[in-house]
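Order-wise, the sequence lines are chains A and B. Its first residue numbered 3, the first sequence is counted upward by one per residue in this note's numbering. Its first residue numbered 24, the second sequence is counted upward by one per residue in this note's numbering.
What the hints contain is simulated information worked out from the structure, not anything from laboratory work. It should be emphasised that the depicted structure is a prediction, and the values quoted were computed from it without experimental measurement.
Only pairs whose alpha carbons sit at most 25 Å apart, straight line, appear in this in silico SDA-like list of lysine to any residue:
1. LYS96/A / ARG224/A
2. LYS54/A / SER533/B
3. LYS310/A / SER662/B
Residues from chain B that face chain A, not an exhaustive set, calculated with beta carbons under 10 Å:
4. ASN527
5. SER533
6. MET535
7. SER536
8. THR559
9. MET565
10. THR594
11. CYS595
12. MET596
13. TYR600
14. ARG601
15. PRO605
We treat Cβ as the ideally placed atom computed from N, Cα and C, and that holds for glycine.
Chain by chain, the residues run as shown.
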Amino acid sequence: MLTTPSKKQPMLFFPEFRNWESAWALEALYVVAYEIRILAERADRELAFNGKSPEKLKGAGSFLMKVFGVLAGKGPKRVGALYVTCQLFKIYFKLGTVNLCRSVIRSIETARIFDFEEFPKRDKVTYMYYTGRLEVFNENFPAADHKLSYALMHCHPHNEANIRMILKYLIPVKLSIGVLPKDWLLEKYGLVEYNNVIQALKRGDLRLLREALEEHEDRFLRSGVFLVLEKLELQVYQRLLKKIYIIQKQRDPSKAHQMKLEVIVKALKWLEIDMDLDEVECIVAILIYKNLVKGYFAHKSKVVVLSKQDPFPKLNSKPVNS
Amino acid sequence: MQPHFQYSLDSKASYDNFQDQQQQTAPQGPNSQFPAAHQVTQSYQSPLPNAPSLDTRRVNMMQIPTNPRIASNLALGLSKTDKDGFTTDAAAKPAYISVSMPKPNNKVLSNDTTISMLKPGKFPNSLCRYVERAFNLCKDETQRVACQAIMKEIITKATANGTLNTLDWDVEPLFSIPNSEAVNVESSQYSSPVSSLPKYKRSPSRRSKSRWEPLPEEKSVDKSVSISNDIVQYGGWARKASANSESKENAVNNVKFSLLEQKLPSKNNQRPAKRQHLADGLNAANNDASSDSDKEQSLTAYYSSAKSIANTPEEKKRRESRSKRFEKGQGYRTEVNYFKPKNAGAGNLYSRRARALMLSKSLDDSGSKAVEDFDWDALTVKGTCQEIEKRYLRLTSAPDPSTVRPEEVLEKALLMVHNSQKNYLYRCDQLKSIRQDLTVQRIQNQLTVKVYETHARLALEAGDLPEYNQCQSQLKTLYAEGIEGCHMEFAAYNLLCVILHSNNNRDLVSSMSRLNEGTKKDKAVKHALAVRAAVTSGNYVMFFRLYKEAPNLNTCLMDLYVEKMRYRAVTCMSRSYRPTIPVSYIAQVLGFSSTSDGNDEKDSDGSGLEECVEWMKAHGACLTTDNSGEMQLDTKASSSSLYMPEPEDAVAHGDANLAVNDFLTRTPL
Numbered sequence: 003m004l005t006t007p008s009k010k011q012p013m014l015f016f017p018e019f020r021n022w023e024s025a026w027a028l029e030a031l032y033v034v035a036y037e038i039r040i041l042a043e044r045a046d047r048e049l050a051f052n053g054k055s056p057e058k059l060k061g062a063g064s065f066l067m068k069v070f071g072v073l074a075g076k077g078p079k080r081v082g083a084l085y086v087t088c089q090l091f092k093i094y095f096k097l098g099t100v101n102l103c104r105s106v107i108r109s110i111e112t113a114r115i116f117d118f119e120e121f122p123k124r125d126k127v128t129y130m131y132y133t134g135r136l137e138v139f140n141e142n143f144p145a146a147d148h149k150l151s152y153a154l155m156h157c158h159p160h161n162e163a164n165i166r167m168i169l170k171y172l173i174p175v176k177l178s179i180g181v182l183p184k185d186w187l188l189e190k191y192g193l194v195e196y197n198n199v200i201q202a203l204k205r206g207d208l209r210l211l212r213e214a215l216e217e218h219e220d221r222f223l224r225s226g227v228f229l230v231l232e233k234l235e236l237q238v239y240q241r242l243l244k245k246i247y248i249i250q251k252q253r254d255p256s257k258a259h260q261m262k263l264e265v266i267v268k269a270l271k272w273l274e275i276d277m278d279l280d281e282v283e284c285i286v287a288i289l290i291y292k293n294l295v296k297g298y299f300a301h302k303s304k305v306v307v308l309s310k311q312d313p314f315p316k317l318n319s320k321p322v323n324s
Numbered sequence: 024m025q026p027h028f029q030y031s032l033d034s035k036a037s038y039d040n041f042q043d044q045q046q047q048t049a050p051q052g053p054n055s056q057f058p059a060a061h062q063v064t065q066s067y068q069s070p071l072p073n074a075p076s077l078d079t080r081r082v083n084m085m086q087i088p089t090n091p092r093i094a095s096n097l098a099l100g101l102s103k104t105d106k107d108g109f110t111t112d113a114a115a116k117p118a119y120i121s122v123s124m125p126k127p128n129n130k131v132l133s134n135d136t137t138i139s140m141l142k143p144g145k146f147p148n149s150l151c152r153y154v155e156r157a158f159n160l161c162k163d164e165t166q167r168v169a170c171q172a173i174m175k176e177i178i179t180k181a182t183a184n185g186t187l188n189t190l191d192w193d194v195e196p197l198f199s200i201p202n203s204e205a206v207n208v209e210s211s212q213y214s215s216p217v218s219s220l221p222k223y224k225r226s227p228s229r230r231s232k233s234r235w236e237p238l239p240e241e242k243s244v245d246k247s248v249s250i251s252n253d254i255v256q257y258g259g260w261a262r263k264a265s266a267n268s269e270s271k272e273n274a275v276n277n278v279k280f281s282l283l284e285q286k287l288p289s290k291n292n293q294r295p296a297k298r299q300h301l302a303d304g305l306n307a308a309n310n311d312a313s314s315d316s317d318k319e320q321s322l323t324a325y326y327s328s329a330k331s332i333a334n335t336p337e338e339k340k341r342r343e344s345r346s347k348r349f350e351k352g353q354g355y356r357t358e359v360n361y362f363k364p365k366n367a368g369a370g371n372l373y374s375r376r377a378r379a380l381m382l383s384k385s386l387d388d389s390g391s392k393a394v395e396d397f398d399w400d401a402l403t404v405k406g407t408c409q410e411i412e413k414r415y416l417r418l419t420s421a422p423d424p425s426t427v428r429p430e431e432v433l434e435k436a437l438l439m440v441h442n443s444q445k446n447y448l449y450r451c452d453q454l455k456s457i458r459q460d461l462t463v464q465r466i467q468n469q470l471t472v473k474v475y476e477t478h479a480r481l482a483l484e485a486g487d488l489p490e491y492n493q494c495q496s497q498l499k500t501l502y503a504e505g506i507e508g509c510h511m512e513f514a515a516y517n518l519l520c521v522i523l524h525s526n527n528n529r530d531l532v533s534s535m536s537r538l539n540e541g542t543k544k545d546k547a548v549k550h551a552l553a554v555r556a557a558v559t560s561g562n563y564v565m566f567f568r569l570y571k572e573a574p575n576l577n578t579c580l581m582d583l584y585v586e587k588m589r590y591r592a593v594t595c596m597s598r599s600y601r602p603t604i605p606v607s608y609i610a611q612v613l614g615f616s617s618t619s620d621g622n623d624e625k626d627s628d629g630s631g632l633e634e635c636v637e638w639m640k641a642h643g644a645c646l647t648t649d650n651s652g653e654m655q656l657d658t659k660a661s662s663s664s665l666y667m668p669e670p671e672d673a674v675a676h677g678d679a680n681l682a683v684n685d686f687l688t689r690t691p692l
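Sequences are here, hints too, so could you generate the full structure?
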């Protein structure tokens with residue numbers, strides 16, 4: 003049975019490993035850690051298939067935590083800690099118990115014994131990738147940007163699959179802070195699902211954005227970026243308003259800074275989006291509130307009065323205020 | 024009782040001696056128990072009464088919850104003691120020490136009866152011993168007669184089962200001997216719960232089994248099978264809790280070690296004696312208008328003596344065999360957990376359960392049994408009560424069929440609750456008891472779904488979130504089993520709950536991803552999704568529009584977020600609007616106006632307007648009146664003065680609906 007061998011080997015190897023002074027057996031430990039995760043995954047699949055509850059992966063997780071504990075001491079063994087951490091991350095992400103990552107992360111980041119730089123590169127990249135993903139979940143975009151970018155930078159350029167994975171999360175993050183990727187990037191790594199999203203952002207095309215989100219909804223939900231992308235709606239509105247502003251400026255520069263609500267409603271109607279005055283007023287209010295539009299709204303006259311200077315400030319790598 | 028207290032005057036020394044003895048004997052192996060026992064016996068005179076002199080620290084460490092049942096049960100042992108004269112046996116042979124002690128004569132009689140009853144050679148030796156043990160428990164003639172009858176039944180049954188020779192009678196626990204009164208009772212259908220413990224004070228022989236055995240008001244047949252029950256219970260219960268049973272098992276196992284069969288009666292004697300010891304101390308506590316410390320001390324004594332048994336090699340062996348019993352049938356464990364076998368309330372229940380156990384035990388003794396292998400149907404309670412109205416009482420033991428309502432009655436009860444005009448607490452209470460009856464009878468069908476749905480809806484209307492969550496989780500499992508119900512409605516509620524209550528994006532995303540295509544098309548679910556979008560983007564206009572046209576009870580869930588949404592909205596407006604906003608507009612947009620659509624008269628808005636003004640003021644908004652007399656929100660000033668006030672009706676237990684007064688005035692509902 004698949005389940006039995008996975009328990010025995012590490013049980014025999016691990017206590018011995020603990021006793022060895024030097025880190026000569028680290029490579030072997032890596033193999034063991036990797037295998038235990040893979041085997042546990044397969045075992046769980048089999049268990050689930052037979053209608054029993056899949057507990058093996060959880061068990062693998064706790065075992066690896068112990069391993070981590072051993073490695074997290076002084077001595078040459080500690081360079082292995084990051085590898086084990088990454089295996090743990092993979093397990094937790096798979097199980098969905100992402101909150102368990104917190105303790106491991108805390109150990110790595112705050113413990114004085116760990117010097118992040120001395121870990122092997124491959125581990126660092128993986129680590130940054132996973133922690134970056136966690137930041138995305140928490141919508142902590144600057145941090146997510148930093149981590150995922152680090153991972154991207156240090157990732158081996160030939161490792162396309164990995165780069166793709168990193169980009170899958172990095173792109174929504176970058177979009178949220180107002181940075182658009184080049185088209186060839188999406189093409190090269192086959193991330194076509196973002197194509198329309200980016201188009202929509204460029205054009206201020208709300209309808210396109212909503213369509214794109216609906217089309218790939220399942221994929222986005224599964225990877226967890228759906229909410230991030232949804233938040234891009236406000237940026238799309240901003241773009242739309244900016245376009246209206248530009249057109250108005252061309253027609254009559256002196257009056258351009260005043261935008262009638264009706265005009266916005268009309269524009270939206272052209273996009274086949276049916277919103278009434280109250281709703282658009284609300285959206286405008288939100289835009290102003292979040293500093294995507296500088297100015298104010300005069301309720302009586304139903305006019306958006308835009309600031310004369312830079313009425314549509316760029317995000318400049320800062321996320322939209324929440 | 025006097026003798027005990029005399030003993031208690033003994034110094035601790037004797038107890039220590041005893042312990043030393045134990046340690047000495049321990050490594051020597053079972054056979055050496057015999058000689059050692061002699062010495063031990065002497066010093067064992069009063070380990071129990073001695074215990075009170077032990078420090079209470081031990082008591083604290085043990086943290087024994089005083090279970091009145093235990094105390095009173097053990098008290099039974101004491102009364103027997105009184106009757107028999109403890110002193111005679113007091114050269115107390117602790118039962119766990121296999122000892123060949125001279126025993127009182129009355130046991131000899133039973134031997135004869137035993138032998139006469141069994142045709143030698145036809146029955147296995149272990150069975151003979153079993154019978155002997157049983158007879159030894161009988162105090163008087165009536166009991167012995169009853170015992171004989173029971174024995175016959177058991178043996179007949181075992182023969183019929185084919186287990187006569189396969190059952191290890193040595194380890195079979197004994198059935199409970201009915202006391203004189205009980206013997207006269209018809210052992211037919213037993214319906215009323217046994218509550219009168221005092222009745223048993225006179226027949227402590229029952230205490231030969233673990234405290235958790237069913238009381239003997241059962242059919243004789245039941246007894247044989249309830250015994251196998253006990254095996255389960257022994258296996259399942261905590262170490263010290265089964266100290267009592269250990270004593271018996273010790274005796275039982277000792278049978279194996281014993282070289283001479285005639286030792287048996289004496290060993291049997293030990294058992295009661297030991298029990299009496301323990302019971303003694305306890306009852307001493309009980310009877311003397313017991314102070315807590317007395318009770319604790321006696322309990323301590325009880326456990327301490329149990330602990331001292333703990334490390335003999337014999338004991339270790341027994342533990343091993345006990346744990347093996349565990350492995351044999353995983354189903355046993357589940358049995359233990361499934362029922363709380365305290366009251367003898369349901370004779371039927373026990374008989375059926377135990378019968379199933381016997382069957383399964385004889386079927387397959389090796390390998391673990393899955394829960395599904397058991398004949399659960401034979402074990403479920405079938406209710407007989409006809410009352411439509413029934414208060415909810417939390418069960419502490421297996422339920423009595425006469426208090427459980429069958430399905431038809433429950434349907435009527437549900438209808439009654441539906442139509443009832445009484446307040447939430449009453450209906451909640453009734454529903455809880457319906458739920459309990461359903462659970463106990465393991466009814467999982469549309470009726471169950473309806474009940475849970477009703478309760479969930481009621482809870483939502485009343486704003487009782489914890490209750491709602493309970494029902495919701497039950498409904499999830501029921502729906503997952505394919506039972507029909509208002510899936511969509513509750514899927515929508517579920518979604519709304521996640522949206523409105525958790526700040527966790529991951530939960531939200533996973534709930535959303537779990538919706539399938541069909542669900543997403545449903546009106547209620549669509550509404551919930553739209554609410555989600557509105558909340559995420561802060562679109563208050565949308566939110567309150569959805570609020571007005573919410574299907575089912577979505578409003579109730581949205582209600583929980585209304586306050587927050589309004590605050591977000593006003594904050595947003597204060598920053599973006601200049602110079603002012605008419606309050607009437609705010610009232611309209613934030614759902615303050617009365618619900619009559621299309622009714623634009625000032626009156627209909629009047630109440631909404633006032634409410635709005637009040638709300639604004641409570642949140643620190645700056646209101647002005649303009650030239651035409653209309654109230655306006657001064658946005659610039661408000662943007663810095665808005666705040667979220669403390670909820671006024673915050674109650675300590677968090678739910679204003681469940682006011683204390685309501686609880687106290689429950690009865691005249």
